[in-house]
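Asks: In case you want the letters, here they are:
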Amino acid sequence: MPLHVEHKQLVVPGELLAEGDYLPGDNTYMASGKIYSQRVGLAEVKGKKVSVVALKGPYIPKVGDLVIGQVVGITLGGWLVDINSPYTAILSVPDAIGKPFSPELGPLAKILSIGDTIIAKVIAFDRTRDPSLTIKGRGLGKMEGDVVVDLAPTKIPRLIGRKGSMITMIKKLTGCEIVVGQNGKVLIRGRNPKMVELVIGAIRMVEEQAHIPGLTDRIRAYIEQGKQG
Amino acid sequence: MSITPQTEPLAKIKSKQIRELLKTGKRIDGRELDAYRPITIETGVIGKAEGSATVSLGNTKVLVGIKVETGSPNSDTPNTGVLTVNAELLPLAHAIFEPGPPDENSIELARVVDRGIRESKAVDLEKLIIVPGKLAYVVFVDIYILNHDGNLVDASALAAIAALMNTKIPKIVVGEDGEPKKTEEFKPLPIQDCPIPVTIAKIGGSLLVDPVLEEENMASAKITITITKNGNICAIQKSGPGTFTLDEIVEAEKTARRKAEEIREKILSSAGG
Amino acid sequence: METVKRKLIDENGLRVDGRRPDELRPIKMKVGLLANADGSAYIEQGKSKIIVAVYGPREVHPKHIGLPDRAIIRCRYHMAPFSTTERKSPAPSRREIELSKIIREALEPVIFSEYYPRSMIDIFIEVLQSDGGTRCAGITAASLALADAGIPLKDLVAACAVGKVDGQLVVDLNDEEDKEGEADMPLAYIPAFNAASLLQMDGQLTEEEFFKALEMGKKACLKIYEMQKQALKERYLKIKESVEAGEENQEA
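Protein chains in written order, with the numbering used here: chain R, 1 to 229; chain Y, 1 to 273; chain F, 1 to 252.
Watch out, some of these pointers could steer you wrong.
Keeping only pairs whose Cα atoms sit at most 20 Å apart, straight-line, the calculated EDC-like set for lysine to aspartate or glutamate is [unchecked claim]:
id: 1; chain 1: R; residue 1: 62; chain 2: F; residue 2: 69
id: 2; chain 1: F; residue 1: 229; chain 2: R; residue 2: 44
id: 3; chain 1: F; residue 1: 7; chain 2: F; residue 2: 23
id: 4; chain 1: F; residue 1: 233; chain 2: R; residue 2: 126
id: 5; chain 1: F; residue 1: 179; chain 2: Y; residue 2: 124
id: 6; chain 1: Y; residue 1: 26; chain 2: Y; residue 2: 248
id: 7; chain 1: F; residue 1: 238; chain 2: R; residue 2: 207
id: 8; chain 1: F; residue 1: 63; chain 2: R; residue 2: 130
id: 9; chain 1: F; residue 1: 30; chain 2: R; residue 2: 208
id: 10; chain 1: F; residue 1: 238; chain 2: R; residue 2: 144
id: 11; chain 1: Y; residue 1: 266; chain 2: Y; residue 2: 193
id: 12; chain 1: F; residue 1: 212; chain 2: Y; residue 2: 251
id: 13; chain 1: Y; residue 1: 254; chain 2: F; residue 2: 215
id: 14; chain 1: Y; residue 1: 121; chain 2: F; residue 2: 166
id: 15; chain 1: R; residue 1: 110; chain 2: R; residue 2: 150
id: 16; chain 1: Y; residue 1: 254; chain 2: F; residue 2: 207
id: 17; chain 1: F; residue 1: 219; chain 2: F; residue 2: 59
id: 18; chain 1: Y; residue 1: 229; chain 2: F; residue 2: 182
id: 19; chain 1: F; residue 1: 240; chain 2: R; residue 2: 208
id: 20; chain 1: R; residue 1: 62; chain 2: F; residue 2: 166
id: 21; chain 1: F; residue 1: 63; chain 2: R; residue 2: 126
Hints are computed from structural coordinates only; laboratory data are not their basis.
Given the structure is predicted, the values throughout are model-derived calculations rather than measurements.
Take the sequences, apply the hints, and build the full model.
Replies: Right, here's the structure in full:
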């Protein structure tokens, strides 16, 4: 039974991908035995499964995601955090400092105030409530004086690369520390501003060219050229 | 800005019941898919208005009052009279209606009724000019929804056309000095058509004529098709967040023409004309 | 004194702008031109110019208008004061209010709004220049903006109006044809459903003319649909071409 698209073909919403005994994967839907794309993206054919890797789209939190967020409000029991998602996240005091809130701690703003950037993990989320975060854990917590860059959440996997190959390469070549948030935010820490700039440039290339094969080589070439100049 | 409305939750038992009945071609009030509720029309109910009518379509109750004044014609039609239609979904008509300026539903309702009257040229606006470019009759059609039990469009349009057929306007003559003078005589509004809208709701794969409120709340979409007295279509409005296949549209049009004939007879016999 | 109305169809069966009855005006579509919006698109259809921005899905404000099981759609159709010959007041007119509603209803059927409960998706349609067919062009561009925002859709919605001028059925009316003609029937069509999500008509058509107009409208919408798909892909294909050209130069 027919497959109507090739692997890595650019498709748009409503485009017929396959019919018959194929299975619908991510960003596709099935109607009357036919599989259609839901978004603009690249078709992915893996065996009998047809999916679409979306080029753009909102960040919907998943439990376990590492996110970089900004504190936007303080409540009685914790903080409200903008994680670049249609849902504002909640960070409760016990998930921030490891013990329940007591008045001796002073106002919550002393721990985290509005405008602070945090690296957090999503610990709970379902359709009926807003996502919950924790900053207890290695590598999590409030961040100071780093650069945060935006990258479409759908392209984060491309920045990370298969088994982390892309991000490891960028870290090695530039010597920068990079924390990649699933929510489309990337934190860069580096002592050499030139290297930090190269990382930002590499991220921009992923944003623009994620759909074109050979990206890893082009980024490697870009960084190496940048280091010489 | 238009916002997805909050839907009134319909008890699952009720919606299931409605769907099951539809499969057998019947509705919760026992009607056939293409049957209208009983229609009663009464004209001349508001003495101070130049024309008026109430229409009851089942439990849906609409009162239309016509006021006729004189004023400047519209700049883009300087040689015709003016017709303006307004609708109010009164708070007394339903628990969810709140007082306030007209919302998108009352505006859509008024504009669809207006289209039916205007495009059929039911009111001969060319005969309503007094001094070309300067003075014309201005006909105000005000739709007052008294009780909402579905299909406000058809009930309102029927009340409007019945009221218009019943409207008397003061005769105004233009003297030799070019000055308009109101006489003591009255004449009927020049009516030359009787446009009838037929609204059809879609639930699942069924098309139902004249939906009651419960059916409207379950329907994915509605379509109103207005038919003139010589069988032409003069207005169409699809409404609601669903879709109609082209086949369904064709079927709806055929049903609309059939029902419009029947209903026009009712109007003409009770409202005169 | 009666002014003689201009003939809208000449002896050769051509319209005031030289088009054949089934011919669309020249159409230009551009996607992703506004940096802040999550999705955006611009369309020119003849002299009509419309820009659309989509924001969302995003947090719903105020909370009580949200729905527990799906996203709400907010849609605004608005005409710029300078878009028409006579300046139009910026305050929303009754026409804009009605059109905002039916345009929202034309787009809702294709949006997978159940994926984003308790959120909202905003569609802002601004008519920069109006020369007929703006609600249809607005829907066409809004579909592109929704797709550009990465909002999952069942299909794109393509829209076009069919009308009657001098007794002849024609597609894609310009402003003069709309004002002086005998009927105007805007149609929005979803190819995946073979169904209409917007259908209006004002004027007078016989049953036969109406059925013919539906067929003509569907054909016109399908042509526009092909253009929409192309416009969405173009952005990414252009980048691909320039990157591949750059690589060739390096190798050379």
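Asks: Would you mind marking each hint as holding or not holding in the structure?
Replies: Quick rundown of the hints versus the structure:
no., hint, verdict
1, R/62 to F/69, "holds, 18 Å"
2, F/229 to R/44, "holds, 19 Å"
3, F/7 to F/23, "holds, 18 Å"
4, F/233 to R/126, "violated, 34 Å"
5, F/179 to Y/124, "holds, 19 Å"
6, Y/26 to Y/248, "holds, 18 Å"
7, F/238 to R/207, "holds, 15 Å"
8, F/63 to R/130, "holds, 13 Å"
9, F/30 to R/208, "holds, 17 Å"
10, F/238 to R/144, "violated, 39 Å"
11, Y/266 to Y/193, "holds, 15 Å"
12, F/212 to Y/251, "holds, 14 Å"
13, Y/254 to F/215, "holds, 16 Å"
14, Y/121 to F/166, "holds, 18 Å"
15, R/110 to R/150, "violated, 28 Å"
16, Y/254 to F/207, "holds, 8 Å"
17, F/219 to F/59, "violated, 39 Å"
18, Y/229 to F/182, "holds, 17 Å"
19, F/240 to R/208, "holds, 9 Å"
20, R/62 to F/166, "violated, 60 Å"
21, F/63 to R/126, "holds, 18 Å"
Against the hints set out earlier in the document, violations occur for numbers 4, 10, 15, 17, 20.
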